[in-house]
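**Q** Using the sequences and the accompanying hints, generate a full structural model.
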Amino acid sequence: MESKYQGQTAASRLRRLLQEEGKTVFCPGVYDGISARIALNTGFDCLYMTGAGTAASRLGLPDLGLATMGDMAANASMIASLDRSVPVIADADTGYGGPLMVARTVHAYIAGGVAAMHLEDQVITKRCGHLANKELVDEDVYLSRIRAACMAREDARQASGGGADIVIIARTDSLQLLGYDVAVSRLHKAIALGSDVAFLEGMTEFDQCARVCRDLAPTPVLLNMVAGGITPSLSVEEASHLGFKVVIFPSVALDPVSEHVTDAMRNLKESHRAIVSETRKVGGVKHFFNILGLKECMDFDNAAGSSSFAYGA
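Under the numbering used here, think of the first position of the sequence shown as 17, with each following residue one higher.
Note that these hints are calculated values from the structure, not bench results. Built from N, CA and C at the ideal position, the CB exists for glycine as well. Treat the hints loosely; a few may be bogus.
Have a look at the derived ranges for each label pair, beta carbon to beta carbon [what the hints assert, rightly or not]:
id, residue 1, residue 2, range
1, L284, F316, 31 to 41 Å
2, S323, A208, 58 to 68 Å
3, S323, K285, 36 to 46 Å
**A** In structure tokens:
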């Protein structure tokens, strides 16, 4: 059967979502195949690959600019490959270098099927946007990153005959150091260079959340809802009322994993016996594999004429 998404790129699907009147796209933060599969099975319209989660899951390290372009692009591409009909927005940090490196990052994300990427104005040895004492690059360096990203996107479009695309999200972390007016000015200049979406990171007051969408209209604005972060907690409905078109929830999977796996590890260490959940008791090992697409893999193998799973699994 022909897919309703035949011929559509992930970026074009995201662009349509952003253009829907009254719609706010909200994305769960995912960082590996398991969290992405669970989010897809839940039916979200769009996923967000968190940089902090990528650094944690791939490197076992905090979000301090330690993940490379290779780490990030590989993870984003893997997540995007799980269901091409669901756009993935991915963190691209600082672009990982000067204009040539930013361009390489853009091409890698496009090749991986990523729908959107955000670039920021921190120094290359960056840190999570909700930590203190961030360092910024000069405005001209930041704008060169955005310009390079837009140029690389245009190169990809021309080389593909218009088929390649990516939504570029301009992020600024300058609010903390330079104030609201300077931060919004940076975003206006990034938009003028071709950015599609604006992202003011680290807002600390409700008034800033209420103003930024008006001040940057008609450009769509993204809101970062980090649990326990410095930005006031808003629901999707509250954010939509203020005018935000995208809301990301980077830590929605990270916090439960860190808490529940810690409990399970402590229990095993103390009791020398693993806890078996009620779900595992009923569904057995296959319950977990079915979350990851076991049945679909078996059906595909069978349709290809193989007998590997003729008697099930």
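**Q** Determine for every hint whether it applies to the structure shown.
**A** Going down the list of hints, with the structure as the test:
1. L284 and F316 have their C-beta atoms about 36 Å apart, which keeps the hinted 31 to 41 Å range intact.
2. Our hint of 58 to 68 Å for S323 and A208 holds, since their Cβ atoms are close to 60 Å apart.
3. Taking the beta carbon of each, S323 and K285 are about 44 Å apart, inside 36 to 46 Å as hinted.
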